[in-house]
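Top to bottom, those sequences are chains A and B.
If you're matching positions, the first sequence starts at 0 in numbering that gives the first Met the number 0 and goes up one per residue.
If you're matching positions, the second sequence starts at 0 in numbering that gives the first Met the number 0 and goes up one per residue.
None of these hints come from the bench; they were simulated from the model.
Hints are supplied without guarantee of correctness; some may be wrong.
[Stated by the list, open to error] Label-pair ranges, simulated between beta-carbon atoms:
{"hint": "1", "chain 1": "A", "residue 1": "Leu-57", "chain 2": "B", "residue 2": "Asp-95", "range": "32 to 40 angstroms"}
{"hint": "2", "chain 1": "A", "residue 1": "Ser-88", "chain 2": "B", "residue 2": "Ala-160", "range": "47 to 55 angstroms"}
{"hint": "3", "chain 1": "B", "residue 1": "Ile-79", "chain 2": "A", "residue 2": "Glu-24", "range": "23 to 31 angstroms"}
{"hint": "4", "chain 1": "B", "residue 1": "Asn-51", "chain 2": "A", "residue 2": "Val-227", "range": "40 to 48 angstroms"}
[Said to hold, decoys possible] Here are some of the chain B residues that sit facing chain A, going by a computed Cβ distance under 7 angstroms:
{"hint": "5", "residue": "Pro-47"}
{"hint": "6", "residue": "Asp-95"}
{"hint": "7", "residue": "Ile-202"}
{"hint": "8", "residue": "Asp-239"}
[Said to hold, decoys possible] To give a feel for the contact side, a few chain A residues facing chain B, derived at Cβ under 7 angstroms:
{"hint": "9", "residue": "Leu-10"}
{"hint": "10", "residue": "Lys-11"}
{"hint": "11", "residue": "Leu-36"}
{"hint": "12", "residue": "Val-101"}
{"hint": "13", "residue": "Leu-117"}
{"hint": "14", "residue": "Phe-195"}
{"hint": "15", "residue": "Leu-196"}
{"hint": "16", "residue": "Met-199"}
{"hint": "17", "residue": "Ala-214"}
{"hint": "18", "residue": "Leu-226"}
{"hint": "19", "residue": "Ser-230"}
{"hint": "20", "residue": "Phe-234"}
Yeah, the Cβ is synthetic: ideal placement off N, Cα and C, and Gly gets one too.
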Amino acid sequence: MTMALAMVAVLKRSYSILLLLAAWEAATRLGYAPAALLPAPSVVLLAMARDATNAHFLGDLSVTMFRLFSGLAIAISLGVALGVSAAQSRLGPMLLEPLVRVLSPLPKIVFFPAFLLLFGFGSFSRVVLVVIDAIFPALLAAYYGARAVDEKLIWSARAAGMSPTACIFRIALPAALPSILTGVRIAIVIGCVVVFLSEMVAPEDGLGDAMIRAARSFDTVQMFVPLVVISLVGFLLDFAVVRIRNTMVNW
Amino acid sequence: MNTMPRYVANLRQALAPIAVAAGLLLLWQGAALLVRTSYLPPMTDILPLAVNLVASREIFPDLFATLARLFVGLSIGLAIGIPLGLVSGRNRAVEDFVAPLLGMLYPVPKAALMPIVMLWFGAGDLSKVLIIVLTVSLPLVYHAQQGARAVDEKLIWSAQAIGCSPLRRLMLVILPASLPEILIGARVAMVIGVIVTITSEMIVRQSGLGNYLFTALDMGQYALTYAVILIVAALGFALDWAFERIRRQLTLWAPDRQGVDIAVTS
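Sequences are here, hints too, so could you generate the full structure?
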């Protein structure tokens, strides 16, 4: 009975996606859309399964994942550290806020040619791009999250003899955690998008390059595969963070 | 709390970004003089080039191509996204249908659809505008939905009681009440609109600032590359600044919100 209820709930939350995929599948199968231009979802899925054992594709995937995860790790740790400590210091409103106000609305991808010049076409320039793109959501979320911490908590801890550093780790950081995890969710999706685009704009290797290669040979199925894979990575990482937040932040 | 006179605070607020920008440019100049490589030309070479690109109107065709795509894409996105969001914020059935689709599209790199969409609609403006519309619609739908859901029920009941039709309720009650949230969505939409426009021009290089940028890079004109970067960065900042002023004026009555919403813009 509960099984059936859960099934209904899942269906309710995803039936429009299933409907869309079914319409897409039917459109190609019935010949309304030429398969060369719009391959059926089932064909793309089968190609994905085949690529999962293809060494070349796995190479592209691991290159992209390496760039994504190193970029995200740097962006999130640096952003959270800067944000939480700036929230406790007078430098926050003085220096960090104006800096963020200037830098965060800039289209960061436009700096990518500069990174290519300075750091070459390898992984480094792409990791730098992921870092400057993904750092702002993490930084802002940590900053505003830590600023919103009840000041009385900090005062009483300080009065009880806790050191400023201990205050950051034991009060500001845990209290800002829900906000930080929201920032991390945004950072993850931005990171996935940006790493893929960097590989498309200046193709060298990686999933984005795999898509460009497929486009050059008009292989539409293989054009879809890298796109679906990177979207799936973003979706699953985001899902994981939501799960972590729900279990960790239940107070 | 704050003893500063208001005009001093306002002045500081206005001058801080300028000071920050000047500081960053100075930092650049110092680094360039220190390193001395053609890959990192000094600001004293880049700035005059950037000014000249604008003064001589050389950048204008590409600038206008970019702005035109952005403007058309944003307008269509607003026309589709806001009504869709408002309706799905008030209607469970519509929300159950729309929300999963949004969730599915959210992590997809939209500009990366360019090579696929090009197969269907060619390499021209239609493909690019289509991708801009798709990108900017997502935050608009999301924020309009959040806004419509949070509308005070009493307002809607009163409108119902005086015999307001559903369409009039949507236009005269729900839309104005959701405006602060909608405008936050519009700000996000504009900033990511700039990003996706320029990125799509980088991927399919025909015209526009993204194309100009990579043409300069491919020809090895590094100072010019940086000059275009500067212009696009200034454009991104100026558009956001102008929009933020309009938004404040339109929603003076609503409590100001700050926080992660701004972060979504990057």
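Verification of the hints:
no. : hint                                     : in the structure
1   : Leu-57/A - Asp-95/B: 32 to 40 angstroms  : 38 angstroms, holds
2   : Ser-88/A - Ala-160/B: 47 to 55 angstroms : 54 angstroms, holds
3   : Ile-79/B - Glu-24/A: 23 to 31 angstroms  : 25 angstroms, holds
4   : Asn-51/B - Val-227/A: 40 to 48 angstroms : 45 angstroms, holds
5   : Pro-47                                   : 18 angstroms, violated
6   : Asp-95                                   : 6 angstroms, holds
7   : Ile-202                                  : 6 angstroms, holds
8   : Asp-239                                  : 4 angstroms, holds
9   : Leu-10                                   : 10 angstroms, violated
10  : Lys-11                                   : 6 angstroms, holds
11  : Leu-36                                   : 5 angstroms, holds
12  : Val-101                                  : 5 angstroms, holds
13  : Leu-117                                  : 6 angstroms, holds
14  : Phe-195                                  : 5 angstroms, holds
15  : Leu-196                                  : 6 angstroms, holds
16  : Met-199                                  : 6 angstroms, holds
17  : Ala-214                                  : 4 angstroms, holds
18  : Leu-226                                  : 6 angstroms, holds
19  : Ser-230                                  : 4 angstroms, holds
20  : Phe-234                                  : 5 angstroms, holds
Checked against the numbered hints given earlier, the structure breaks hints 5 and 9 and satisfies all the rest.
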